[in-house]
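*Asks:* Spelled out from the first residue to the last, the chains are:
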Amino acid sequence: MNRKIIINPLTRISGFMEIDVTVENNRVVDAKTKGNLFRGFEQMMVGRKPFDAVYFTQRICGICSAAHSMASSIALEDALNITPMEQGRYLRDIIHCCEYLQNHIRHFYQYTVPDFVRMEQNTLLASDHEDFRLPKTVNDRIAKHYFDSLPISRSAHQMLAVLGGKAPHNHGVFIGGVTTQATAEKVVTLDSLLDDIIAFIDDKMIPDVYEIAHYYPEYFQIGGGYGNLLSYGAFDHYGELGTLYVDPLVYAMNTIEAFDESKIKEKIDYSWFQAPADTYNPDSLMPVPDQNKQKAYSWVKAPRYNGLPFEVGPLARLILSGNYQNRVSAMDRTIARALEAKKITAIMKTLLSQIIPDVDVQKKYEVPESGEGRGLVDTTRGALGHWLKIKDKKLSFYQIITPSTWDFSTKDDEGYRGVAEEALIGTPIQNPDKPAEIGRILRSFDPCMSCATHVYRPGKQVKTIKVF
Amino acid sequence: MEGYILPPETLTNEAIASRLKNEVNEQIRQGLIKKRNLVYLELNGCSGNIISLLNGQNPDFEYTLNSMVNLRYSNSLMAAEGEQAIEQLMEVLDEDYILAVEGAVALKNDGLYNVIGRWKGEPFTGLQAAQMLGEKASHILAVGACATHGGVSAAKPNPSESVGLQTVLPDRNIIKLTGCPVNPDWFLGTLAHILLYGEPETDNLNRPLMFYSTLIHDRCPRRPFFDRGIFAEKLGDKTCLFKLGCRGPVTRVDCPTRQWNGHVNWPVGASTPCIGCASFGFPDAMEPFVSYDTTRIVQDE
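Protein sequences appear in the order of chains P and V. Numbering of the first sequence is given in my numbering, commencing with residue 3 and proceeding in unit increments. Numbering of the second sequence is given in my numbering, commencing with residue 2 and proceeding in unit increments.
So that you can see chain V by itself, here it is in the shape it has in the complex (with noise of 0.2 Å):
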């Protein structure tokens, strides 16, 4: 390193960045910044995307919760049990917080279809929690496509009537991460962004530009071989999935760059048709996720 003038230590930029990590965590314990709160309800659905976001890297799990938030309240997570969880819950209510929610709102039999706890001895619905929560929050998050607009746990015949959570906020803006599960950053990086700028740039329905701006067949690493008319003809052929019914050319959303698990893969990746998961018409209307015969004439019963 000889012959180069190098900054004092403590103007590199790992010095600068652990200083102000240092400063900002020093101000949060002494109450002078405060951690915003973030309450994650899990509705009718698979809690998928709880796992989801346990995956994430940059920011992961851990830094969320000592540097981002103050999670008040996960059904997967949280380790006070019963009344006493639902209590937790009921006094974020009097204070500022973020709203993130997974799954669909069930509307069958006023919501008794999916019981998430019970609250001065009666039971307490998913219905109820969303809208009660929903009306008070900051902002509102939709995480993944249950929630979006009913998903899987709306698929037909629907026996659970679910709905996603707009149908029963109608009057609230709900940010919509589309997906099945959604993708950590896509949950996290939203997040950062309230925390640091306010709600982001969105389009038409809701979806943060900065994710859901591209279609997914435009910057397929594939598209080489659509445009030549190389077209798959099973799974794990290393060509164009189109024939196969890959739903690429309709779904906007970055997994082809931003990929999976920590950038290691995507569907694409493992020689499977993208089956449309960020599209809000996702699944009825992105079947059937695999053909051997998309020359056909597609006939709707």
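So here's chain P without its partners, still in its complex pose (with noise of 0.2 Å):
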């Protein structure tokens, strides 16, 4: 018997999504994952102030603004041919790692931990499904620690406006690295603050989540998909240091070879958007919305690498750097989160252990008559990229590949399903009336529907019953 379930909204994800997925025989046989908000950041873009992308563009995301800080910055260093001073990169980059901490422990206790604990300390907490396995005292432990986690991730936050001025949508992050320069009590400030976030992670974060894997094995077995892995590189590339994490590579049909950005293609033949192409490389088309296109199914774009869809985030990097065996699934991933939180901790150790006070990286910067940039960096939930020219000093093209748009695009002209879809493929659903398994295997990629920015449109549905 064919049935077809719809989720929407899915919760506990930033932004709006719609899943439709298809089960036959208690199997997943088909699946789309539809982004259910527009906004159009690209077309905004033009014609604005080239250094105002920084701030501007932080405003995709607000769980994730200081990455698209980051990759407008690099961007605009790229058109300005501009080079940071290393101590510029080291504040920028501690900042940097202050959203991954924020992220993570906010991703893991408030978006994951629902999923597997049951929550009996508030009615908005209570779930819909029955799939609860942990024993009371372990279930009531983890229950607790949601509550605990909400201090530790509001300091992540707090280190992260100690040198960019706020957060969310800071202001430090800008070409040339800072606009800060770091004090000695600045320093002791985040490293103090730093202290409770790693004794927080060692103690209840990286046991809770083993403990939620031990009690739901099958997740090492679903949620995988294709395997293909690709990183823009994350704190890479220091002269003093080298590499502190993972640099640029891609990992396919068991080879991991260097990244290179002229295989990067996107594609739209699914898509609601009109171009001259509808596959193409992302600094030479910008294609308008087109509700009309026939045949497409989503807002959502594909990007592809070599032509095939490639994973991205925290799973893609421990393996790509070296830090995890090679598993792709559902709870890899989930895993994948925590222990990348511990090991961004010790990247922000070394980085500290660096910084040397009152330099100002500051210059007065000249908006170029014409130009143009690519800012690519690894960040949160994956690769980042920022496209953009200049004319007549001001923006003429923005073109922004996220991470979630790696990771949830649609299926492309090739016949290739992207990465969220393919993971769902043959997924086993117990209960087909109340399917947790969906809402798992997708949250373990951390979706990101405000920065993947799409539209939504009602498609023509088959006549199935509705499960919701």
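Read the hints as simulated data drawn from the structure, not as lab findings. Don't take every hint at face value.
Derived DSSO-like pairs: lysine-lysine, alpha-carbon spacing no greater than 30 Å straight-line [as the list claims (entries may be wrong)]:
no. : chain 1 : residue 1 : chain 2 : residue 2
1   : V       : Lys244    : P       : Lys365
2   : V       : Lys36     : V       : Lys109
3   : P       : Lys267    : V       : Lys157
4   : V       : Lys235    : P       : Lys395
5   : P       : Lys396    : V       : Lys109
Over 12 Å on every C-beta distance to chain V, these chain P residues come out as not near it, computed from the model [to be verified]:
no. : residue
6   : Met3
7   : Gln60
8   : Gln112
9   : Ser355
10  : Gly373
11  : Gly428
To list a few chain V residues with every Cβ distance to chain P over 10 Å, as calculated [what the hints assert, rightly or not]:
no. : residue
12  : Met69
13  : Met133
14  : Leu197
15  : Ile276
Please read all numbers here as calculations on a predicted model, not as lab measurements. No residue lacks a Cβ here, since even glycine has one placed at the ideal position from N, Cα and C.
Each of the two chains sits in its own frame; use the hints to bring them together as a complex.
*Replies:* Below, the structure is given as structure tokens:
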């Protein structure tokens, strides 16, 4: 028997998403992921002053705003031909690390834990499925950690604000690195806050994720997908320090190789966009919205590398950097998030130890008449790219490919589904009336539809039973 | 402590506060005091305001959830998903509730640019939700720039045809908490005022005076530099940022004294100009955010 399961909204994500899944004999045979909001940042950027991109593009997303300030600053540095001082990079990367911590801690406790742990403290947290397996003492301990984690993720944002003025939507990340200068007092404040976060990750977050994994072992077998992994590099290529985490690398067909930007193409065959070509390099075309496009089923674009879909994010980075065994599944992805949080704290310790107080890295920058630049950087959820062009001292072109566009793309003209769609295929659904599996698998990617900025269009639905 | 006459232990401030708290909790438990319902709608925006809300301290989110309100709906936080989540939203319609909305209302294509769920098999748009919930709410808070006036979601050329909440609820009194994002104190403080004393006093643009009454410029710690004519030439300089385009002189809010993230810092503290995110014209009327040449004649295109 064929059943269609539609979940909308998928809660505990950033932004709005609908999931359409077809189930045959209790197994997923088809899946579509659709973003449910559209704001059109790329069109908004055209005509604006180039420097404003740093603060403007942050407003794409409230949970990973520093990520966009990173990518736009790097793109502007490329366009202005500026190499930031190492001290500027250190401080900027510390700010970026704070966002990783805030995001990973919140994603695990506020977004993932309610999937596996019965939360009785508040009706808001009451689940609508029955698959809870933790023994009561373990369950209650992790449920308590849901609340214990709040001051911890909060203090990660507090650290970010020490250097960046405020969070979300910081003011510190900019061309040249940062606007602020470190002082001994700031370094000590950061180090002290960091120690509490490290203790929390060691004592609670990592044990909690392994505890959940122990009671939900089949999630190591499902939610894998293609297994192709990609990173633009994170905390890499420092002059003195080398690479602290991961170089720009890709993994496909049992081979790791260096990342090559020219192999990125975006496809819009099944997306509600119109352009002179359905496959293009990200710096060549800015597709325009077109809701009447036939055969398209979503407004999520489809980035491909070397013609293939690639997964991005913490698991991809851990595997590419040799910090995790080569397995790809929903549970591995969730564990990777906690392990990466630990890794990030170690990077921060190293960076903090390199800080020289009172170094001013800012200059008075001049906007060129024309130019172009790209900012490719791995952020919390994975590979983020900003491509921009300047004409008559204003932005004339802006293209953004976010991590969630990689993970939640549509299918393409070659027949490849998006990474998350593929991850759902074959998943056994225990109870199609209350399908816990779909949300758990999708949330393992930490989807961010605010970033993916899509449009929803009601398509013609197959006449099937709808289960919510 | 010898020689001091101490009050009986049960009369210390801590004891009184603790007794009151326990009393209130007990009365809530027994149903004698009802916590007010809060519906938190996220519409066309970046969800930055709910993230900012989680950053709140004293009150923090935990206190808000446990002692101030029954949070009945939040896309970012609730465990239920799919139509079950929307059902929980609909149940509130028959009860008393305070409505908080972040994000703009996207009007394009009858609101289909921002679908927040499905209801009875049909797409349920942000536009429908704003009107349906807004009509019956006892109090309405527009949280952040997108909700108060469209904000970044409505930045030109406004591809989603986004508007502020008031446009689709013209007859309702909406408390407007500008900012991108809102400072958690501005939201939680206003909420506390409603719970304890009713709606707070607002200015002619419906912003609570307790937060939005004074220009940033008037309380800026760098004001002495302005008064002496000492101006920064680039970001990172420690003097007055006016000539880099600081919007402190036109932005009414208490950032200089309240600051952000547990009072640790604020944009001017990071040696950057205020970009006027708490002004109604944000972002388009506040641009350029950063300029190294503000002695120029600004020509509007």
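*Asks:* A separate judgement is required for each hint: does it hold in the structure or not?
*Replies:* Hint by hint, here is what the structure shows:
no. : hint                 : in the structure
1   : Lys244/V to Lys365/P : holds (15 Å)
2   : Lys36/V to Lys109/V  : violated (37 Å)
3   : Lys267/P to Lys157/V : holds (28 Å)
4   : Lys235/V to Lys395/P : holds (18 Å)
5   : Lys396/P to Lys109/V : holds (28 Å)
6   : Met3                 : holds (19 Å)
7   : Gln60                : violated (8 Å)
8   : Gln112               : violated (6 Å)
9   : Ser355               : holds (22 Å)
10  : Gly373               : holds (17 Å)
11  : Gly428               : holds (21 Å)
12  : Met69                : holds (12 Å)
13  : Met133               : holds (16 Å)
14  : Leu197               : holds (22 Å)
15  : Ile276               : violated (6 Å)
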